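**Q** Please build the complete structure, drawing on both the sequences and the hints.
Okay, so the sequence shown: first residue is 25 according to the working numbering, each after it adds one.
Don't read these hints as lab results, they were simulated from the structure. Be aware that a few hints might be false.
Claimed, not checked - 16 Å max Cα-Cα, derived EDC-like pairs, lysine to aspartate or glutamate:
(1) Lys36 to Asp168
(2) Lys36 to Glu172
(3) Lys109 to Glu98
Every value quoted in this text rests on a predicted model; they were computed, and no experiment measured them.
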Amino acid sequence: MNPVIKYFTGEKAESYLFIIAGVLALALAFYFVFALKTTFWKGVAVPFVTVALLELIVGYTIVTRSPKDIVRVEAWISQQPLKIKTDEIPRMQVVMRNFVVFRYMEIALILLGIVLMYSTLNDTFWRGLGLGLFMQAGIVLSLDFFAERRGHLYLEYLNQLAGVN
25 MNPVIKYFTG EKAESYLFII AGVLALALAF YFVFALKTTF WKGVAVPFVT VALLELIVGY
85 TIVTRSPKDI VRVEAWISQQ PLKIKTDEIP RMQVVMRNFV VFRYMEIALI LLGIVLMYST
145 LNDTFWRGLG LGLFMQAGIV LSLDFFAERR GHLYLEYLNQ LAGVN
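**A** Below, the structure written as structure tokens:
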């Protein structure tokens, strides 16, 4: 399969997973708040709603943008190959640096979640918040792992195409 199509199709497919995760997290958050009603579950609901909104926004943005990205990059390859070196490679380098930042942020949120779960044994809201952070950050970290790997492969392809070492 064409590496450009493979990369952006993978991004789009994973973005559907982000959207599904966001919808499920929102549904669970509403269930926690309106059916279970305890302070623990209300605490879990806070990061579920917050991260779900991010998952939905990011997922929708990538799903709608990916087909245009395929057309753009394919046109550059065939008609303006210098654009790969001047535009697409620098864009992907920023994306890859952002993945490193996101990874550390997600790990920090997982650790914060663990700290909240175990340091606030008497306050169930904060324990719930910690569990919610731990779960949501773990899900996003897992999905970003695959996106980062896909990005590395795509950037390698672009560098080969542009003759960059």
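**Q** Next, verify each hint and record whether it holds.
**A** Do the hints match the structure? See the list:
1. Straight-line distance between C-alpha atoms of Lys36 and Asp168 comes to about 13 Å, which keeps the hinted pair within the 16 Å bound.
2. For the proposed pair Lys36 and Glu172, the alpha carbon gap of about 14 Å is at most 16 Å, so the pair holds.
3. Among the hinted pairs, Lys109 with Glu98 is consistent with the structure: their alpha-carbon atoms are about 14 Å apart, no more than 16 Å.
The earlier numbered hints are all upheld by this structure, with none contradicted.
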